[in-house]
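6 protein chains.
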Amino acid sequence: MWNYEKRLQFPVKITKTCPKSAQLIISQFGGPDGELAASMRYLSQRYTMPCKKTAGLLTDIGTEELAHMEMICAIIYQLTKDMKPEDAKTAGFDAYYIDHTSGLWPQAAGGIPFNACEFQSKGDAITDLFEDLAAEQKARTTYDNILRIIDDPEIREPIKFLRAREVVHFQRFGEALEQIKDSLDSNNYYYFNPEFDKQMMQARK
Amino acid sequence: MWNYEKRLQFPVKITKTCPKSAQLIISQFGGPDGELAASMRYLSQRYTMPCKKTAGLLTDIGTEELAHMEMICAIIYQLTKDMKPEDAKTAGFDAYYIDHTSGLWPQAAGGIPFNACEFQSKGDAITDLFEDLAAEQKARTTYDNILRIIDDPEIREPIKFLRAREVVHFQRFGEALEQIKDSLDSNNYYYFNPEFDKQMMQARK
Amino acid sequence: MWNYEKRLQFPVKITKTCPKSAQLIISQFGGPDGELAASMRYLSQRYTMPCKKTAGLLTDIGTEELAHMEMICAIIYQLTKDMKPEDAKTAGFDAYYIDHTSGLWPQAAGGIPFNACEFQSKGDAITDLFEDLAAEQKARTTYDNILRIIDDPEIREPIKFLRAREVVHFQRFGEALEQIKDSLDSNNYYYFNPEFDKQMMQARK
Amino acid sequence: MWNYEKRLQFPVKITKTCPKSAQLIISQFGGPDGELAASMRYLSQRYTMPCKKTAGLLTDIGTEELAHMEMICAIIYQLTKDMKPEDAKTAGFDAYYIDHTSGLWPQAAGGIPFNACEFQSKGDAITDLFEDLAAEQKARTTYDNILRIIDDPEIREPIKFLRAREVVHFQRFGEALEQIKDSLDSNNYYYFNPEFDKQMMQARK
Amino acid sequence: MWNYEKRLQFPVKITKTCPKSAQLIISQFGGPDGELAASMRYLSQRYTMPCKKTAGLLTDIGTEELAHMEMICAIIYQLTKDMKPEDAKTAGFDAYYIDHTSGLWPQAAGGIPFNACEFQSKGDAITDLFEDLAAEQKARTTYDNILRIIDDPEIREPIKFLRAREVVHFQRFGEALEQIKDSLDSNNYYYFNPEFDKQMMQARK
Amino acid sequence: MWNYEKRLQFPVKITKTCPKSAQLIISQFGGPDGELAASMRYLSQRYTMPCKKTAGLLTDIGTEELAHMEMICAIIYQLTKDMKPEDAKTAGFDAYYIDHTSGLWPQAAGGIPFNACEFQSKGDAITDLFEDLAAEQKARTTYDNILRIIDDPEIREPIKFLRAREVVHFQRFGEALEQIKDSLDSNNYYYFNPEFDKQMMQARK
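Residue numbers (the working numbering), protein chains in the order written: chain C, 601 to 805; chain H, 601 to 805; chain P, 601 to 805; chain G, 601 to 805; chain X, 601 to 805; chain F, 601 to 805.
Careful, some of the hints might be misleading.
Stated by the list, open to error - DSS-like mimics (lysine-lysine), calculated; alpha carbons at most 27 Å apart, straight line:
| hint | chain 1 | residue 1 | chain 2 | residue 2 |
| --- | --- | --- | --- | --- |
| 1 | P | K620 | C | K620 |
| 2 | G | K781 | G | K613 |
| 3 | G | K681 | G | K616 |
| 4 | X | K620 | X | K760 |
| 5 | P | K684 | P | K620 |
| 6 | F | K616 | H | K684 |
| 7 | H | K681 | G | K689 |
| 8 | X | K620 | P | K681 |
| 9 | C | K616 | C | K689 |
| 10 | F | K620 | X | K613 |
| 11 | G | K689 | H | K616 |
| 12 | C | K681 | H | K653 |
| 13 | C | K652 | H | K653 |
| 14 | P | K620 | C | K684 |
| 15 | P | K613 | P | K689 |
| 16 | F | K684 | F | K781 |
| 17 | F | K781 | H | K689 |
| 18 | F | K760 | C | K781 |
| 19 | G | K681 | H | K684 |
| 20 | X | K681 | F | K616 |
| 21 | C | K620 | P | K613 |
| 22 | C | K760 | F | K781 |
As the list claims (entries may be wrong) - A short list of chain G residues far from chain H (calculated; beta carbon distances all over 12 Å):
| hint | residue |
| --- | --- |
| 23 | A655 |
| 24 | K681 |
| 25 | D682 |
| 26 | T701 |
| 27 | D751 |
| 28 | V768 |
Stated by the list, open to error - According to the in silico footprint, chain F covers these stretches of chain X (three or more CB under 8 Å from chain F):
| hint | stretch |
| --- | --- |
| 29 | 706–715 |
| 30 | 718–727 |
| 31 | 764–777 |
Read the hints as simulated data drawn from the structure, not as lab findings. A virtual CB, placed ideally from N, CA and C, is assigned to each residue, including glycine.
Extracted from the complex, chain C is given alone in its bound form (with noise of 0.2 Å):
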């Protein structure tokens, strides 16, 4: 279970209205690389993940990914809590004000609404490793596509802050592949290793 405490990991504090900009970072809300899609691969994988130290990272980054969303959530809102609906018509944010105003509710930057085909939860711990280290990098890249668009420093600080921590968290994913692969026993063990795989395909035949 969780216990919220009513802080944010990294400060938030946005003085300029601006949809336009909440429009885009939206997708690291609900997009197919955002916070939420982050949190919910790893919070579902640990269950099946068979090296316990793994499947504790998996909750701790888990869980730290919520307070990612929380702060994505808390810009968002900062940008569009002030705003008056003049300002949604001029910076297209008018179409996702017609069906949540200025309510916060997880969706792409160019309006898919979140959903769980964005990542996997395969039962293979090397594949989710592999899952979670593309995920890693594809949340980065959104990142630095956000840091190119939006220049505005009190909205590029924590946003930095985001990416960085995306990139510990990459190499975390690869010190845990690298004992996946010491420790897996040869029932498990497919990789980079077709000789081995010869030999289960026969057993089974």
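Position chains H, P, G, X and F against the provided structure of chain C, taking the given hints into account.
Structure of chains H, P, G, X and F alone, referenced to chain C:
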């Protein structure tokens, strides 16, 4: 942000492998009226909720739903962790097994992936609270249906706990709705008040 | 069955081409809280509604929502029928134009196709009525947002009529909920009654 | 607008509970080629159909498809209304039962929720009519498949009526297509005419 | 199987960066009536097509649509490869840029991800061919709309080629339909023949 | 462009009708980690891949995945082509049969339609290659699961071939990743290099 506490909100001790039951209970993980949907609905709505006390309620219940989601995942995991492929074949669990082995992935019993279209965050206090009342009733009904189909007392115990919590949440949201009706100013209060609405329409004409 | 009557429930006379407004109003055709969703929700729920009077109410309101859907389509059609391709370009309507020209197709303003995940038919009288109360509030809020953004009085008139009808529907569903609470027998009545629920749980144990 | 007439277009009298059959027939309610998809396709296309007679045909057939949808729902309802939870378990209906009890909700037999991607409204007279011809054939084929699988004569009677109506609709759309080919002016007529098309391309170059 | 030949079916030489045009043309990559949908429709249907000549036609046209998809991707790539982030901002391409940079990803202009609900493979020869005739008309109309909106002759040239090919495909499918009508035996031939249908119904009764 | 060669990359000779197995194997046609997803992932990513050699690798593997998709379709077709409706009934294949007869349509075993949310093309060389490594592992795991469930040696032979190819693809992508790490200039290289990243952030501040 959230801190993880390594215990279930209510104990889950399943001793009998039964992928068939897992395939049905998974709706309370990734189904339209499940715990993940509930959690995301409340954690999304809380930002724009004008009454701070109710915003806190949304945070608390949203956080508790994560713990419920965890219990449901524990049930599914315990029902399938010792599953042999032949068990999957006889149980009708095989379609899920092909794409996820015994890993946890949020979908409904009928196969629909979890997606944000299954809940709403509307940015209007009255509307969001009615959405929440409906959500709790829908979750309650899903638990009713699980209890009608599944006999195993080891499964029924945690399910009955979860169902009872839905009823409590429903009551909390009902109280919050009453408070909102009293406290919202004329700018926001449209509840059962066509007379007021007419005046507002006049003003904008 | 239904018989078509060739008149709109309320007149729609739009004289100014404006694809921009059409692009926003389309949420009340194919959006999550629009008239098509409302109609299908009620026309689906009516079969299993145990109280025959309320089943009739669901049929009546579901039928009226089809007329509302027709009005929304008429608004969109009149806003775009004289549209030249250049109008689509300047209005941001061009993405829709590529795939539908000026044809009507049910989607939300943000592009999400209409889909059944956006409403629920739960087969439980109390639950279905709460779902309906929430639906009417969500529709009312969408109309509020349209009225905040769109100034053209030719559009505002039919929209205000539609909004007022949502409030009436909300009242009708509220009355139906009160009747259900009185008339349902113990087998079905779970409303705010944990004491009864405990007994039912005991019986099945 | 529509007026409801409280009778089915063709009688439905099912006396045997069979959730298994319901689970298959539901494709003609919420499946890709079902009655709801047909109705929405035609009622959407009618606005931009330049030939007024064909626009009227679309309204009439779209309205009739609502009556067909009603018959399908009546079949499903009668097959499941006396269903006990144990019936759901033995029939494979249980996944649906968890999320909807015996309530009606539009999905395909395989579980896909009804969604607007399953039909098109293109805003081009020739194209829309071909879309409609294809739709009637797809519906006819679905009825063929239902008749191949289901033996109960009480179900077969209304299904055969519905299938026959699809064939009639197909014929009506074929006649409408012939009329359109004659009546459309050079601005719109691209049917089998690359010579004309070349000229139009020249003009715009 | 397929062998790749490193040339485009028709040349694509775009010299002006224009993400706005890319955002519209992408519908012919991943939109409901685009080249990927066409290719997958035909390559799926070919297996159960009873007339081997038509199965070959489906393979040929399905293979050609891959080449068309490649041309569309080349157009999009050339329109965006020299794009600077500021270009994305001014062009409305920024929402796509956040999640894909200038990478190619199959979606519709309005944002809907490519999905199999957008085409059908019905396993019935007549039905599948009508589905194909409709598909070619829908693709043709999408090209019409692109030509109405986009002026750049460098883009118009390959688009006009692609449009002309749709017309040819439509003709091929029309010829195939005529052949099927002659060659199918009574078990399969339902085309415009209620008399025969009645007999088949009798036999199964 | 592609040229079709009328032979399977590896022989498929299935002599026993078994719709049950078809229903599971279909995940490698239209499932989240199947051959169609793989093909489209690579054929989409190749345009923006800066290293031309790797772009060629993506084209080659993407083309080979089409041949794999063809083999999977051949397996499904051979398993179901002589299927009688009664076979569908006993095998649980009936829900699919209603909407597709024995036609091929890309979905997952559990019913989810193939959709682009199941893969990513991110426009970043490192990220796209990690996405590809993960994809090959996910496909490998799906083949593992098929081999755990299905005993028929006629099916196992081509499946084992396909699985072995996934391992080879994984190796190729691993080599490509190493080359990219060496060849990318500072503008693009973020791999495990927070020091460099800090400088880039400084520059943009």
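Each hint tested on the structure:
Our distance criterion of 27 Å between C-alpha atoms is met by P:K620 and C:K620, whose separation comes to about 17 Å. The suggested pairing of G:K781 with G:K613 is violated, with an alpha-carbon distance near 43 Å, which exceeds 27 Å. Of the pairs offered as hints, the one joining G:K681 and G:K616 holds, with about 10 Å between alpha carbons and a cut-off of 27 Å not exceeded. With a C-alpha separation of about 19 Å, the suggested pair X:K620 and X:K760 falls inside the 27 Å cut-off, and the hint holds.
With a C-alpha separation of about 13 Å, the suggested pair P:K684 and P:K620 falls inside the 27 Å cut-off, and the hint holds. Our distance criterion of 27 Å between C-alpha atoms is met by F:K616 and H:K684, whose separation comes to about 25 Å. Distance restraint check for H:K681 and G:K689: the Cα-Cα separation of roughly 23 Å lies within the 27 Å cut-off, and the hinted pair is therefore satisfied. Restraint check for X:K620 and P:K681: satisfied, since their Cα atoms lie roughly 24 Å apart, inside the 27 Å limit.
Annotation: proposed proximity of C:K616 to C:K689 holds, straight-line Cα distance about 17 Å (limit 27 Å). Proposed proximity of F:K620 and X:K613 is contradicted: the alpha carbons are some 50 Å apart, above 27 Å. In summary, the hint linking G:K689 to H:K616 is supported, as the alpha carbons are separated by about 19 Å, within the 27 Å threshold. The suggested pairing of C:K681 with H:K653 holds, with an alpha-carbon distance near 18 Å, which does not exceed 27 Å.
This hinted pair does not check out: C:K652 and H:K653 have alpha carbons roughly 39 Å apart, beyond 27 Å. Our distance criterion of 27 Å between C-alpha atoms is met by P:K620 and C:K684, whose separation comes to about 18 Å. Using a Cα cut-off of 27 Å, the hinted pair P:K613 and P:K689 holds, with the two alpha carbons roughly 24 Å apart. Pair hint F:K684 plus F:K781 does not hold up; C-alpha atoms about 55 Å apart against a cutoff of 27 Å.
In summary, the hint linking F:K781 to H:K689 is not supported, as the alpha carbons are separated by about 44 Å, beyond the 27 Å threshold. For the suggested pair F:K760 and C:K781, the alpha carbons sit about 23 Å apart, so the restraint of at most 27 Å is met. With a C-alpha separation of about 37 Å, the suggested pairing of G:K681 with H:K684 is violated against the 27 Å cut-off. This hinted pair does not check out: X:K681 and F:K616 have alpha carbons roughly 51 Å apart, beyond 27 Å.
The suggested pairing of C:K620 with P:K613 is violated, with an alpha-carbon distance near 33 Å, which exceeds 27 Å. A distance of roughly 23 Å separates the Cα atoms of C:K760 and F:K781; the hinted pair therefore holds under the 27 Å criterion. With a least beta-carbon separation of about 31 Å from chain H, G:A655 lies farther than 12 Å from that chain, consistent with its non-interface assignment. Every CB of chain H lies more than 12 Å from the CB of G:K681, the least distance being 15 Å, so the non-interface label holds.
Every CB of chain H is more than 12 Å from the CB of G:D682 (nearest about 15 Å), matching its label as outside the interface. Remark: the non-interface label on G:T701 conflicts with the geometry, its nearest Cβ contact in chain H lying 6 Å away (cut-off 12 Å). Distance check on G:D751: its Cβ is at least 23 Å (rounded) from any Cβ of chain H, clearing the 12 Å threshold; non-interface status holds. With a closest Cβ-Cβ approach of about 34 Å to chain H, G:V768 is found to remain outside the 12 Å limit, as its non-interface label requires.
By the rule of at least three residues with a Cβ nearer than 8 Å to a Cβ of chain F, the coverage given for the stretch 706–715 of chain X holds, with 5 such residues. Counting residues of the stretch 718–727 of chain X whose C-beta lies closer than 8 Å to any C-beta of chain F gives 5; at least three are required, and the coverage claim holds. Residues of the stretch 764–777 of chain X lying with their CB closer than 8 Å to a CB of chain F number 0, which falls below the three-residue condition for coverage.
Checked against the numbered hints above, the structure breaks hints 2, 10, 13, 16, 17, 19, 20, 21, 26, 31 and satisfies the rest.
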